[in-house]
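Engineer: The listed protein sequences correspond, in order, to chains E and G.
Heads up: the first sequence begins at 121 in this note's numbering, then just goes up one per residue.
Heads up: the second sequence begins at 2 in this note's numbering, then just goes up one per residue.
Hints listed in this document are in silico derivations from the structure and should not be mistaken for laboratory results.
Small disclaimer: the values here were computed from a predicted structure and weren't measured.
Glycine included, every Cβ here is placed at the ideal spot set by N, Cα and C.
Do not rely on the hints blindly, as some may be mistaken.
Stated by the list, open to error - Taking lysine-lysine and the DSBU-like style, the derived pairs with C-alpha atoms no more than 35 angstroms apart in a straight line are:
| hint | chain 1 | residue 1 | chain 2 | residue 2 |
| --- | --- | --- | --- | --- |
| 1 | G | K59 | G | K125 |
| 2 | E | K122 | G | K41 |
| 3 | E | K122 | G | K69 |
| 4 | G | K103 | G | K117 |
| 5 | G | K59 | G | K103 |
| 6 | G | K59 | G | K69 |
| 7 | E | K122 | G | K103 |
| 8 | E | K122 | G | K59 |
| 9 | G | K103 | G | K41 |
| 10 | G | K63 | G | K117 |
| 11 | G | K41 | G | K125 |
| 12 | G | K125 | G | K63 |
Said to hold, decoys possible - Derived Cβ-Cβ restraints for the label pairs, each shown as a range:
| hint | chain 1 | residue 1 | chain 2 | residue 2 | range |
| --- | --- | --- | --- | --- | --- |
| 13 | G | R43 | E | R147 | 41 to 49 angstroms |
| 14 | G | Q67 | E | Q152 | 29 to 37 angstroms |
| 15 | G | F4 | E | E176 | 18 to 26 angstroms |
As the list claims (entries may be wrong) - Here are some of the chain E residues that sit facing chain G, going by a computed Cβ distance under 10 angstroms:
| hint | residue |
| --- | --- |
| 16 | F128 |
| 17 | G129 |
| 18 | L170 |
| 19 | A186 |
| 20 | A195 |
| 21 | S197 |
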Amino acid sequence: MKVRVLFFGATAAAAGTNTLELNLDDRSNTGQVYDDLLERFPELSRHRLLFAVNQEYASRSTPLNAGDELAVFTAVSGG
Amino acid sequence: MDFTELTTHPIDITSVARRVVPPECGATVTLDGYVRQITKGRETLHLFYEAYEPMALKEMEKLIEQAKRDFEISHVGIVHRLGRLEIGETSVVISVAAPHRKAAFAACEWLIRELKRTVPIWKKEVYADGEVWIEGDSAAGV
């Protein structure tokens, strides 16, 4: 199933991109995708990371469905 | 009416404050957050803000809903600027209108604290000798 991954700020710098399309097994969760991304972009491990699935905060155990949008980012610093 | 906005244009604080005033209110408290030149002894040349825009707007709306449950306030307006900001420019405005000022002050303080904790916006500080994406202190969401 296809899932779109979004990066912002420091995670975009670590991944060298703002967006990635991934092909996953049907029963993947956020944590599994994160582990894969870490292998692909080791620099991500230098940061404490947050996740959002379809624009709602998520955790490693949050399941993913086809067409989902997974965002991976560092602790926010707006304001 | 409540409103939440992201913009790349300079923010007119007065117009934000005026947009939240309904007839039953007696006070509007407005926070004007702007770019500081000296942070932890380092001199900033300028800032850059990036956002996960659709989620940032949703999180700001959730904060307003929560603030209206927790405080006796009437309306809230939040505007956050994105892109490059120079020293002294306003990055965020939060206006809270309420029948009484005590609730407006308390809600405004709560809103800026929670915005900085949960809304997916990131600040990059640009110094003479480098630049860095700032990472927040506390974990958000779940």
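Engineer: All hints, please: hold or fail.
Structural biologist: Now for the hints, and whether the structure bears them out:
no.	hint	in the structure
1	K59(G) / K125(G)	22 angstroms, holds
2	K122(E) / K41(G)	44 angstroms, violated
3	K122(E) / K69(G)	39 angstroms, violated
4	K103(G) / K117(G)	22 angstroms, holds
5	K59(G) / K103(G)	27 angstroms, holds
6	K59(G) / K69(G)	15 angstroms, holds
7	K122(E) / K103(G)	50 angstroms, violated
8	K122(E) / K59(G)	24 angstroms, holds
9	K103(G) / K41(G)	32 angstroms, holds
10	K63(G) / K117(G)	14 angstroms, holds
11	K41(G) / K125(G)	15 angstroms, holds
12	K125(G) / K63(G)	25 angstroms, holds
13	R43(G) / R147(E): 41 to 49 angstroms	47 angstroms, holds
14	Q67(G) / Q152(E): 29 to 37 angstroms	32 angstroms, holds
15	F4(G) / E176(E): 18 to 26 angstroms	22 angstroms, holds
16	F128	6 angstroms, holds
17	G129	4 angstroms, holds
18	L170	6 angstroms, holds
19	A186	20 angstroms, violated
20	A195	4 angstroms, holds
21	S197	4 angstroms, holds
Of the numbered hints stated above, those contradicted by the structure are hints 2, 3, 7 and 19, listed in ascending order.
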